[in-house]
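Novice: From first to last, the protein sequence lines stand for chains A and B.
The numbering of the first sequence is the numbering used here, which starts it at 482 and goes up by one.
The numbering of the second sequence is the numbering used here, which starts it at 6 and goes up by one.
Think of the hints as simulated: they come from the structure by calculation, not from any bench.
Check before you lean on any hint, since a few could be wrong.
[As the list claims (entries may be wrong)] Derived pair list, reagent style DMTMM-like, types lysine to aspartate or glutamate, alpha-carbon separation capped at 20 Å:
(1) B:512 <-> B:544
(2) A:639 <-> B:338
(3) B:403 <-> B:414
(4) A:639 <-> B:414
[As the list claims (entries may be wrong)] Ranges between beta-carbon positions, derived for each pair:
(5) A:685 <-> B:293: 36 to 44 Å
(6) B:182 <-> A:605: 50 to 58 Å
(7) B:214 <-> A:559: 20 to 28 Å
(8) A:605 <-> B:235: 41 to 49 Å
(9) B:601 <-> A:507: 55 to 63 Å
(10) A:640 <-> B:378: 22 to 30 Å
In this text the structure is predicted, and so the values were computed from the model without any measurement.
Glycine residues also receive a C-beta, built at the ideal position from the N, C-alpha and C atoms.
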Amino acid sequence: MLSPNLKRLEDESIFILRETAAEFRNPALLYSIGKDSSVMLHLAMKAFYPSKPPFPLMHVDTGWKFKEMIAFRDATAHRLGLRLITHTNERAAADGINPFTHGSAIYTDIMKTEALRQAIERYGFDASIGGARRDEERSRAKERVFSHRSASHRWDPKRQRPELWNIYNARLGPGETMRVFPLSNWTEYDVWEYIAAEDIPVVPLYFARARPVVRRLGTWIMVDDERMKLGPDERPESRMVRFRTLGCYPLTGAVESSAADAREVLWELRQSRLSERQGRLIDSDQDGSMEKKKQEGYF
Amino acid sequence: MQPSQDKTQLRFLTCGSVDDGKSTLIGRLLYDTGCLFEDQISSLRCESERKNADGRLDFSLVMDGLLAEREQGITIDVAYRYFETKNRKFIVADAPGHEQYTRNMATGASNSEAAVVLTDARNGLLAQTARHTYIAALMGIRHIALAVNKMDLVGWSRDIFDKISNDYEGIIKKLEPDSGELFVTCIPLSALEGDNVFARGDAAPWYRGPTLAEYLETVEPGDVTAGIKPGPFRMPVQWVNRPNANFRGYSGAITGGTIRARDEIIILPSGQKNTVQSIIVSGQERSAAERGEAVTISVTEETDISRGDFLSDPRDVPDVTDHFRAAIIWMSEDKLLPGREYVMKISNRTAPAAVTEIRGRMNVLTLSMEPAKTLAKNEIGICNVKTQTPIVCEPYLKNRESGGFILMDRVTNDTVGAGMIRYSLRRASNVTWHSFEITKEARARLMGQTPRILWFTGLSGSGKSTMANLVDKKLFLMGRHSYVLDGDNVRHGLNKDLGFTEEDRVKNIHRVSEVAKLMVDAGLIVLAAFISPFQRDREFARSLFAPGEFIEVFVDTPLEVCERRDPKGLYKKARTGEIPNFTGINAPYERPDHPELIVNGNGSAEEEAERIVKFLENFGDCG
């Protein structure tokens, strides 16, 4: 049984997913493989049951995701019988753009933001469903559920449409697109409570296990493959760690933990005094950095 | 923070101006409930030190999200914040308080069940406090807490607090006639010091009421209708779910009442009835579902149901109307102009809509109505609205979801207005719809025509069917709903057991009359073409219909002409005796005494058909 809080969040998210399917010609679910994507996918399976979700999964692959994430992604699409589209910024990948030599800001802009814009244009998606939540970061607190993007994919915070009740304005001009966020009102805690209550599969990286890591900028970075460049003093060591968010492995910090399943993660969260984005190296680049990325089209 | 199986959710609005300390209050709520994380606190500490010389935590910095706002030190958009206590999760819509941002407050209020209105104890009640309360009430919020902030700066004076509380009661009394009953709690507090926010503190031993956190934890969730009663079943169809031919599923959120398998439902605006076969909630079959749940309902009968159709309890249906009165909050730089067409979205349905008249504009400073020709941004008006196609709705105060709508600009696609329906302006339609059944009149109104029966009588070969079919085509092109009944489509089905004896001819006409009556009940214009030789039978047919509905059309063609035409070779057979009882040859035809129309069957069929259509249109106007 879900608590009234989770039930209400679930009902709201299902409504948003159905509205997206009904209002747009060619929507896609941006599947990032993370826990929020797992929840979104679980909700989409419920929203359209007994039909399948009437849109494909779209994964923007930077080529630097954890190996376990890619395996989980393919297994999930197969298990649910859904169409999976993956897109990589091939030109940039061929140019050797990587997080080590180019820094997180440039790398993220090219391999995520630019790649997403490419994918939206290539497949002609008029709406992309994302798992962003308003509680993640300050600038997201004012994000709409239906967030309008100009023909050049820009987000203009001053031109956002007022969003009343659950009546979403889905109208688009030529070339314009919509980003839709069904999990807007969920918190990290809600997400884990829901995963535990519904027994939703997530990438095992979210749970503590002994993993090879090095200490960088006050956080633990996992040595996921041989491309990881180690400093002269860096020696990978084995530690019981888990991840609170998943992205590109060189940019995603792990926390020391012994939480081996969703219930233990919940218990740990209750003790924790750190927000989940703290493990992300890209947010702290500069003051208001997330808002700047969003204006350019990053989720 | 403990996990709780019973954890509920409350969405509330905070309103007040910059100086009232609203951001500080919310920052304090987040901090005191342990919902600010350490890294957020340390970044807050950093920014506080940069801004304030004394380095005291400036909670308002938590709330101001956008760079532009932080730089200008103002809040320009609704921000949503989340915190939780042991039993409840809170979603805070933090709305800016400046007068020019009415639209943002209305936006935040539209999804809130309670409002915290802030006021500065040093200033007492300001005009803006009344304005904020008015907008909250207008948007359907019933539970309001007046947070009298900065009590520390007036020495926690009980007299000052009592005076503000009494003055506020006065404002509430003024609003209630329009908004319905409001439930108000006044709380003295200090957001800066924290007293009576989460912790009670010992600054005001004279205050016995709840702290703000206690209030928020106990206030009953629900808007204008929820909590009072669940109301009749309502569900606007959002998405049609048809994985295969056997599953007729309709997905949507239930906006009123409950629904069970085998319940009868009515589909609006069509008025068709159907029965619930199964209910799917959360991806699983369930026997019942209630208000607020996102469901998929499958029905037993094959019916044409699409997005925007409205499923309702047949015993208590909402209005189907294209003209109504509503309060509109204007949100665009371009003024609202009566007569200009916008796109309206309500209950998953869109329709072109125009304001036909602005009845008045609310002066939010004096809370009184004044005349207006247009509405500018952030102005609130009472308007008459006309839609191009009928919508299904009910008063906002009765059901928030059935009565709220947005208006979008056709060119910019922006959301330019938000409306709350007061009542339908088609009173007659209202009365009909509330009489628990769909009447002939209601169907006719929906089809935009007066149902009639044109009864074509005349000899075989006189041109009855030709004439009926010509008229049918003309009516169709005019957008009328009509249907031809003649020997060809009746004798092969409904009446194929009947022959041509006098007895069978009577039965034939009686059955046809009954079928025509049902069709007229359904709102159609029926064109019946039968020889119907006996005056008595035609009078029987006439007796089934309301006065004025039955139009007897005598297709007067001389027997010789009919016999010369003889399209089916029947006269020839009758003359040779192969067909007994053939009208005009060996059976009588009784000419109508006073037909409504006599058609010259020997003239131009085209002209005569035109004459019938004209007659029908004029006749309709008189009727």
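Novice: Of all the hints numbered above, which does this structure not satisfy? Sort the numbers upward.
Specialist: Violated hints (numbers, rising): 3 and 7; every other hint is consistent with the structure.
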